[in-house]
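Build the complex from these two chains, which are given one at a time in their own frames, with help from the hints.
As they're listed, the protein sequences go chains A and B. Counting with the numbering used here, you get residues 4 to 268 for the letters of the first sequence. Counting with the numbering used here, you get residues 60 to 374 for the letters of the second sequence.
Among the clues, some could well be false.
Said to hold, decoys possible - Just so you have them, the derived chain B footprint on chain A, three or more residues with Cβ under 8 angstroms:
hint, segment
1, 39-51
2, 107-119
3, 162-169
4, 194-206
5, 259-265
To be verified - Here are a few chain B residues that face chain A, going by a calculated C-beta distance under 8 angstroms:
hint, residue
6, 101
7, 157
8, 160
To be verified - Pulled a few chain B residues facing chain A out of the computed Cβ check, cut under 10 angstroms:
hint, residue
9, 78
10, 81
11, 140
12, 141
13, 143
Hints listed in this document are in silico derivations from the structure and should not be mistaken for laboratory results. For every residue, glycine included, the Cβ atom is placed at its ideal position computed from N, Cα and C.
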Amino acid sequence: MPPSSSPYLDTDAWGRALLRGAASWWHLLHFGAMVLVMALSPSTYNRANRATTSQYIYASTWQVLPWFTALAALLSLVLIRIVVVTALSYGLSQYALQMVVRVLVLELIPLSAALFVALRAGLTFNASLIVTPLKSFADPSPPLSLASLRHQYVPRVMASTFAVLTLAMVSSVIALVLAYLTVYGLTLWGLPGYTRTVGQVFDAAVTLGFALKTILFSLAVAVVPMAARLDPYQIATEDTVQPGAVRLFLVLLLIEAASLVVKYI
Amino acid sequence: MEPQSESPSPSPSAIARVERKAILLLILISTLVLGFLLYVMYARGVFESTQQLVLISDDAEGVIVGMDLTFAGFPIGRVRRIELAPDGKARMVIDVPRKDAHWLRTSSIFTMERGMVGETHIRAFSGILTDPPLPANSERTVLRGDTSAEIPRLVATTRALLENLENMTGPESSINTSLGHLNTVTERLSGRYGMLTGVMGSEENAKKIIATLDRTNALLAKTDQRIYGPNGVMDGTQAAVTQLNAVLKEASVSLKKVDAVLAEAQAVGANARVASTDLGALRAEVEISLRKVSQLVDEVNRKWPFARDTELKLP
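Next comes chain B alone, as it looks inside the complex (with noise of 0.2 angstroms):
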């Protein structure tokens, strides 16, 4: 360490090996310093040629300089700067390479979303490729995705869900009740008289209910005795429906000769008519012969020497 106590008296080749090797040693570290700023400086996109993008946002938050904008999980920008706007809303100007502008398009959606865990993320989708490219300087509003702030909206929700769980299976719930009635009616249906009872509601009405169905069954034997059986409401029904045929026969002969009668008349009718023709002949002949007397007493009235009367007057 002490170049004094190890050597105290190095020869001049050693010092020019040890210049030497301090040289190298500045040589490196300048090396590594100049490398690692053009680095820097490479990684940071100063020598890139970007063109602007100024998203703009009701909410900024989560959003720091240095962010990238993705396009199908790729970076493709960079958030440069992010300023307040007179109107109370946030712009994010963001810079994109030229290399990677041409995934941009005027019909493309920015998002931005914001998880519970991790930082926020600026999202580019484009879904037609073909549309025109986005001109620089170009503003877009970004569509917000925000978890934590659906988290009170789905805690209200999720606490109203409990509560309405907690009216369905307590003690007084509909449920607990509806399920006792169940319980109630399996009780029933698992007794003697099996579903009877379970819809009638009790043994004693089941029991009249298979009373009442005994003496149906009592009255259905009776009336089919008293209707199909020996001297039965079918027999007199039979007889009479044999009866009412011989009188419709009866009745059919009968109408066959009001037939008759019928065609008599028409031909009674007919000679009617022919007897009212001739009587219009005869009132012809008679209007005839009246027109003739008033034309004679016409004739006698104006060869009358009394008779003034000289107008002549029609029948």
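Excised from the complex, chain A in its bound form (with noise of 0.2 angstroms):
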């Protein structure tokens, strides 16, 4: 076999893919992009969009944050018990309370919530998405037009950003509550000595931090998989996993490490 018909080192293909990827990356942030321009637009809220976007909410948010918020509180309630009575037995109670207030609060709980509405909201209604497929690189789609986008998509996105906000917001609020009723149980008297602990957690940076992780978190939830179903190029290759689930993962991941690095290091 001639070294230049070995699928390995055909250059073309290798070109032809890295092409495909970087257009399809320039896609997704194109997309995000118009998608956010249109959202902070006043002339999006009209009465109709208001109707839809309130529908989409009401069944990503409305309809899973009680099971959501109860879910996530059993799981706090036992990663807060588990870091409290093994801290007690180590002697390092002092520090278990920042412990759960950082693990908990300040990463698992936004990143639980993005992968529940991901998951849920992200990924499961591309089903009912009818595009067009697109087979070839050299015959791109058409591009969107601006009321599809504003009365399809808009909505949807920040239905989808608002369920990640809300989820991980109620829940981190609801875990804050409980590491204190755990650690000082029904008393006021903890009450100082808790609110210096969460000042000493959530610094300037913390705090900004955690804002810009969330509402990164929550965009590219209701971005990437929107954008990766849209994308002709992803539908070209016919894979069988879900559009655009391995990228959000990949971008979730990159979000959750820049945030790791930007803090702890």
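Put into structure tokens, the structure is as follows:
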């Protein structure tokens, strides 16, 4: 077999794959930017769009909020209990509260909320979308119309973003309350010390990083699967994996890693 | 999940209800975010009125921004800034809430302790709470206690101690030698002659000591017989003492006689003194007679025709 016919050394195929990947990422960024601009535009929120957005918010947040909150509270309680008891047995109880707040509120709960929304809302609704598959890199899809963006995609993106933010925020507050109750019990005497501990954890950089990370998580969950579904280059590959799932997890991983790097290194 | 698929043509009332719930969620999340932000700001002490305290140390390792300053275990301040002064000292700027500032007095002492595990602690101690309050923007030097810095010294000391212990417990060590000697002495003590063997070093020497004691005993018996026995030294001595007593009595009589002789001699002496007094009067009379003779001679000389010397001569 001549070397030029080897699939591993086919530079044309590698080049096409590289270009396709770059075009796909560019499509993701372009779609995300357009949706964000639309979402920030006041003209998007006419009566019809408000109703549509409300319906999506209701479906993605209101319906799952009790279940997710209960599940998050249960897992938080288990983790808090484990951390507090372990720290107590090692005589490090003064650090247990900080650890609980850092582990749960800053790291686990935003990630859990993002994954939950991604699995339930971000990926599943792709099945309902009807797009025209395009089979060739040389024949890209025509640009999306602003009207379809405004009426079809922006409400979904807004709803998913809102869902992640709401679930993360509610679960974080509940985790903070549970941490206080686990450590101090049903008394108000521990409130000044607890407040001080929370204040020590949430300094300006950490608070900003927490907010930024949660917002980026929510945007990634809302935009990446939808952009992948609308990406003609992703469709052309005809993967068996849900479109955008791998890319979403990659983006979430990058955001989490960047957050950890900024926070702890 | 999909509104269109669940209800393709929702009624206006259902849409209104969903909108209300969505708005409720918006209000909820806005309230939560705002409340959380306000709580964190309150926890960070943004709304507190504070005064500044500067603690100066030669090393601020382990001190981080946001760390507490505690008094009696209660946090009364928070490190706001750490900076390096031009003189190379670390300056820790601490915000003390005014409601807690009364715990800090002019005589307060500040310490910074760093343990092996855990974070650094900055503590304040106010021994005399009646002293004047610490003024704002005061600068105090912090006393530093560093456990990990003590470890090398502790390790060096421990090593020296272990070396000493090793030397002490070695096979050629003094303690081992002493214990060997003690063992030897104990063995000797438990031998035939007991402690005497231990003290004298061997049974031969102990035997000699015992023989010496026997001979001494015999000698003492003989001595007792010679001194206190019949016709012994003590009998002779007693007779001599009796004779001496008689001699002393005789001597006492002789002394009495000497005393009488001395009394007579004293009388003789008194007479001699009287005689000496008479001799004085006799001498005065002789002198008077001589003076008269001399005056007579002078008279004769004056009356003598060839006498030219008219000088009057006193006797």
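Verify the interface restraint on residue 81/B: the C-beta must sit less than 10 angstroms from at least one C-beta of chain A. holds, 4 angstroms
Can you tell me if the segment 259-265 of chain A counts as covered by chain B, using C-beta to C-beta distances under 8 angstroms and a minimum of three residues? Three-residue rule not met by the segment 259-265 of chain A, so violated; n is 0.
Interface hint compliance - residue 157/B to chain A, C-beta minimum distance less than 8 angstroms: For residue 157/B, the interface hint is violated, since the closest Cβ of chain A sits about 16 angstroms away, which is over 8 angstroms.
Tell me if the interface restraint on residue 143/B is satisfied: Cβ within less than 10 angstroms of some Cβ in chain A. Nearest chain A Cβ about 21 angstroms off; hint violated.
Next item in the hint list is residue 141/B. Is there a CB on chain A closer than 10 angstroms to its CB? Violated, because the Cβ-Cβ distance from residue 141/B to chain A comes to roughly 14 angstroms (cut-off 10 angstroms).
Proposed interface contact between residue 78/B and chain A, which counts if any beta carbon pair is under 10 angstroms: Residue 78/B check passes; min Cβ-Cβ to chain A is 4 angstroms, inside 10 angstroms.
Would you check chain B against the segment 39-51 of chain A, counting CB to CB pairs closer than 8 angstroms, and say if three or more residues qualify? Not satisfied, violated; 0 residues make the cut.
Just to make sure I understand the rule, a stretch counts as covered if three or more of its residues have a C-beta closer than 8 angstroms to a C-beta of the chain. Does the segment 107-119 of chain A meet that for chain B? violated (count 0)
Holds or violated: residue 101/B as interface residue toward chain A, Cβ cutoff 8 angstroms? Given a least distance of 7 angstroms, the restraint on residue 101/B holds.
8 angstroms C-beta criterion, at least three residues: is the segment 162-169 of chain A covered by chain B: holds (count 3)
Min Cβ distance, residue 160/B to chain A: is it shorter than 8 angstroms? This interface hint is violated because 17 angstroms lies over the 8 angstroms limit.
Given coverage of the segment 194-206 of chain A by chain B, checked by CB-CB distance under 8 angstroms (3 or more): holds (count 8)
When held up to the earlier numbered hints, the structure conflicts with 1, 2, 5, 7, 8, 11, 12 and 13 and fits the remainder.
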